[in-house]
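A.B. asks: Work out the full structure, taking the sequences as your base and the hints as a guide.
Numbering-wise (this note's numbering), the sequence shown opens with residue 145 and increments by one.
To be clear, the hints were calculated from the coordinates, so they are not data collected in a lab.
Fair warning: there could be bad hints in the mix.
What the hints assert, rightly or not - With a Cα cut of at most 27 Å, we get these calculated DSSO-like pairs of lysine-lysine:
id : residue 1 : residue 2
1  : K630      : K599
2  : K368      : K436
3  : K627      : K596
4  : K596      : K657
5  : K496      : K472
6  : K662      : K627
7  : K368      : K504
8  : K217      : K263
9  : K443      : K500
10 : K263      : K345
Stated by the list, open to error - Using C-beta positions, here's what the derived DEER-type ranges look like:
id : residue 1 : residue 2 : range
11 : K472      : L628      : 56 to 66 Å
12 : K472      : F288      : 33 to 43 Å
13 : C292      : L317      : 13 to 23 Å
We put the beta carbon where it would ideally sit given N, CA and C, even for glycine.
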Amino acid sequence: SIASGLMFVSVTAFVSRRLFSENTKRILFLLGLTTSGYMLLFFGYVENYSLFVLSAAIYGLIGISVASGQIRKWAIIPPLVLTILFHVMGVTLIPSAVYLIVRRTGVGQRFARSQAKTKALLALLTFVAAAWVFIYFYQDNLFFRFACVPLIGDRFTVGGYTLFSLDHLVDFLNLLILLVPGVPILVLAAYRRKWYRQFRKPPYLFLGIFLLSTLGAVFIFDPKLGMARDWDLFAVSGIPLTILLYFWLLDGTRYGKHQIITILLAVFLGIVSLSGRIASVNTDDVAVTRFKDYLYLDKARGRNAWRLLYNYYMERGDSAQVELITEKWNTAHPERWYFSQAYGRKNNGQIKAASKMFEKIVRSTPTYSDAWSNLGECLISERRFDSAIVCLRIALGLNPYEMSAYNNLGTCYNELGRPNDALKPLKIALSITDSVSQVNYNLAVTYGILGKREKSLYHLAQAVANPDAPLEAIKLTADQYVKLRKYQRAAELYQRAMQLGLDSSYVSAVARKYPALKSYLNR
145 SIASGLMFVS VTAFVSRRLF SENTKRILFL LGLTTSGYML LFFGYVENYS
195 LFVLSAAIYG LIGISVASGQ IRKWAIIPPL VLTILFHVMG VTLIPSAVYL
245 IVRRTGVGQR FARSQAKTKA LLALLTFVAA AWVFIYFYQD NLFFRFACVP
295 LIGDRFTVGG YTLFSLDHLV DFLNLLILLV PGVPILVLAA YRRKWYRQFR
345 KPPYLFLGIF LLSTLGAVFI FDPKLGMARD WDLFAVSGIP LTILLYFWLL
395 DGTRYGKHQI ITILLAVFLG IVSLSGRIAS VNTDDVAVTR FKDYLYLDKA
445 RGRNAWRLLY NYYMERGDSA QVELITEKWN TAHPERWYFS QAYGRKNNGQ
495 IKAASKMFEK IVRSTPTYSD AWSNLGECLI SERRFDSAIV CLRIALGLNP
545 YEMSAYNNLG TCYNELGRPN DALKPLKIAL SITDSVSQVN YNLAVTYGIL
595 GKREKSLYHL AQAVANPDAP LEAIKLTADQ YVKLRKYQRA AELYQRAMQL
645 GLDSSYVSAV ARKYPALKSY LNR
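C.D. replies: Pasting the structure below:
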């Protein structure tokens, strides 16, 4: 993040020299961009969003240069690609990039010369197409659905947090102030300069599209950890807002002491805000106190965040605080204790009792992904595969990184005779971790059903290479090696399987069918 911060300052200084002819404007623009709230992501911040915000900033600054005719339009592509690679939210930059690329083409020129009604119709069609894509993913993809703030509350809505609820609107406005503390006075100053006239110019159209697309994404997507903790992900929206406001006030010839005073006041507010935040995150007691405040102020979203506080005291070796935090964690979230009881019963084979307990948890805490995943596993044991699929899809919608849920989903599809559907979740499970024998075994079974023998044998070999390989995987792999006349390897696996409980009569029956195997078994 330190390197990202240095690069941000360097690129901003370089671009400001190209945008403005006066040193005063260059300095004010540089000060404005380097004292906004997103700067906390640089120079030592522990999260990984610094590169994402840096690439978005470079994109915005290059975009102004492209729109101003200083450089070629294709220069916008590298920072656009980098931003998308650093985070999927980078796709929100695509509309503004399309504008820069298309505006001087024949299509762009015809659109610019078209009547207002034609422009409105095309805008409406674009909106309808975007809405259709959004609705499609919202209905078809549970992860996308749960990632969005709902328009109307449903069973998965946390604390009535809907799109136009007061809590969400306050969070959104607070984020804008956090990212650009001087935004009220900057907007007021821009308004007094008849800001709406500027939108006829390409740089402002570019920045306007950039701002609307990123702010729209921030408004729609749900801060899963609460906006107080997820501000760093949404900080990208502060980039176009900051660039637009300062560029607005410094661009053109109508520039005087009022603009200078306004910008210096906004810079001062930014410095004051950043100073307080830097001091708080670098003072352990203050940082921990603030973290605890977030846990209690946003209880529903804080269940998993308690783990961070627990780990903090564990690393410090403070056993008394660890015990106290554990007690407070369980008190604040009693479903955790209930979950541990249900989990214990599931592992002890009390499937029906565990299933009822998990059902009770998901009714009271519907965003508890682990409860949904374990409920799905219980339903598999009860051979209720369709119901298990529903639970596992919900679990993955809430937490798309849970390997066991993908693995169990693949099992369900195989049991229902849908091996092609089983491949995708099993491959995802293997991409999360390639060291789990059960996933490789399930993939081997799936490829076996599909008649892809070589792939099946490959995953069987991967499965038995791990010491925790299940008995079924070892037995099936040995059977395959026998059919391939690889008797030595087959014998080794049969002996390993018998140590895990495979009936020796089964091996004897195989040896009678394949006499050449006997000599290897007797070694």
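A.B. asks: Now look at each hint and say whether the structure bears it out.
C.D. replies: Results of checking the hints against the structure:
1. Between K630 and K599 the alpha-carbon distance is near 17 Å, which keeps this suggested pair within the 27 Å criterion.
2. At most 27 Å may separate the alpha-carbon atoms for a hinted pair to count; K368 and K436 meet this at roughly 17 Å.
3. Distance check on the hinted pair: K627 and K596 sit about 15 Å apart at the alpha-carbon level, within 27 Å; holds.
4. A C-alpha spacing of about 24 Å is found between K596 and K657, which places the hinted pair at or below 27 Å, so the restraint holds.
5. Annotation: proposed proximity of K496 to K472 is violated, straight-line Cα distance about 30 Å (limit 27 Å).
6. Between the alpha carbons of K662 and K627 the distance comes to roughly 14 Å, so the proposed pair stays at or under 27 Å and holds.
7. With a C-alpha separation of about 23 Å, the suggested pair K368 and K504 falls inside the 27 Å cut-off, and the hint holds.
8. Simply put, K217 and K263 have alpha-carbon atoms about 23 Å apart, close enough for the 27 Å limit, and the pair holds.
9. Our distance criterion of 27 Å between C-alpha atoms is met by K443 and K500, whose separation comes to about 25 Å.
10. Proximity of K263 to K345 is assessed by CA-CA distance (about 17 Å); at most 27 Å being required, the pair is judged to hold.
11. Distance hint for K472 and L628: a CB-CB separation of about 59 Å, consistent with the stated range 56 to 66 Å.
12. Against the hinted window of 33 to 43 Å, the Cβ-Cβ separation of K472 and F288 comes to about 34 Å, which satisfies the hint.
13. For the pair C292 and L317, the beta carbons lie near 19 Å from each other, so the given range of 13 to 23 Å is met.
When each numbered hint is compared with the structure, a violation occurs for hint 5 only.
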